[in-house]
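Undergrad: Okay, so the sequence shown: first residue is 24 according to the numbering used here, each after it adds one.
Wrong hints could be hidden among the right ones.
Unchecked claim - In silico PhoX-like pairs for lysine-lysine, Cα to Cα no more than 25 Å straight-line:
#: 1; residue 1: K129; residue 2: K78
#: 2; residue 1: K108; residue 2: K36
#: 3; residue 1: K129; residue 2: K99
#: 4; residue 1: K130; residue 2: K37
#: 5; residue 1: K117; residue 2: K99
#: 6; residue 1: K108; residue 2: K84
#: 7; residue 1: K78; residue 2: K130
#: 8; residue 1: K84; residue 2: K37
#: 9; residue 1: K41; residue 2: K84
#: 10; residue 1: K54; residue 2: K37
#: 11; residue 1: K87; residue 2: K119
#: 12; residue 1: K41; residue 2: K108
#: 13; residue 1: K37; residue 2: K120
#: 14; residue 1: K119; residue 2: K130
#: 15; residue 1: K129; residue 2: K54
#: 16; residue 1: K54; residue 2: K99
#: 17; residue 1: K78; residue 2: K54
#: 18; residue 1: K87; residue 2: K108
#: 19; residue 1: K108; residue 2: K37
#: 20; residue 1: K54; residue 2: K41
#: 21; residue 1: K78; residue 2: K120
#: 22; residue 1: K54; residue 2: K117
#: 23; residue 1: K130; residue 2: K120
#: 24; residue 1: K54; residue 2: K84
#: 25; residue 1: K54; residue 2: K130
#: 26; residue 1: K120; residue 2: K108
#: 27; residue 1: K41; residue 2: K87
#: 28; residue 1: K54; residue 2: K87
Said to hold, decoys possible - Taking CB as the label site, the calculated pair distances span:
#: 29; residue 1: K120; residue 2: K54; range: 35 to 41 Å
#: 30; residue 1: A34; residue 2: E55; range: 33 to 39 Å
#: 31; residue 1: D92; residue 2: D122; range: 30 to 36 Å
No wet-lab data here; the hints were simulated from the structure. Every residue, glycine too, gets a C-beta built ideally from N, C-alpha and C.
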Amino acid sequence: MTNEIQPLSNAQKKFLRKLGHALSPVVYIGKEGLSETVVVAIDEALEYHELIKIKIINTDKICKQEAADRVPELSKGHLVQLIGKTLLVYRRNKNKKRDEQIPLPKK
Numbered sequence: 024m025t026n027e028i029q030p031l032s033n034a035q036k037k038f039l040r041k042l043g044h045a046l047s048p049v050v051y052i053g054k055e056g057l058s059e060t061v062v063v064a065i066d067e068a069l070e071y072h073e074l075i076k077i078k079i080i081n082t083d084k085i086c087k088q089e090a091a092d093r094v095p096e097l098s099k100g101h102l103v104q105l106i107g108k109t110l111l112v113y114r115r116n117k118n119k120k121r122d123e124q125i126p127l128p129k130k
């Protein structure tokens, strides 16, 4: 068994985008860029919520595409969507009971 993250199917991404539409950002990437504090906040938010929005506010340290590339890598999650300066990121929490997890459609 490998520790690789299985990619999301298009149907799963579509489902997560639908769920994420009503969410408000829970983490903001600001002037410090992807600092250790921000990475810890992303990790904690994903652990609790599984699906989060991250907003990139005025920063010279990181561009939105770099954030879209690095956040999933650092958080071991999936980039579901990038719109403007908002990222939608998903990471399944295997420690949650099955009925508390986001029920992804089959691939």
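Undergrad: Are any of the numbered hints broken by this structure? If so, which, sorted upward?
TA: Checked against the structure, the hints that fail are numbers 1, 7, 8, 9, 10, 11, 15, 20, 21, 22, 25 and 26, while the rest are satisfied.
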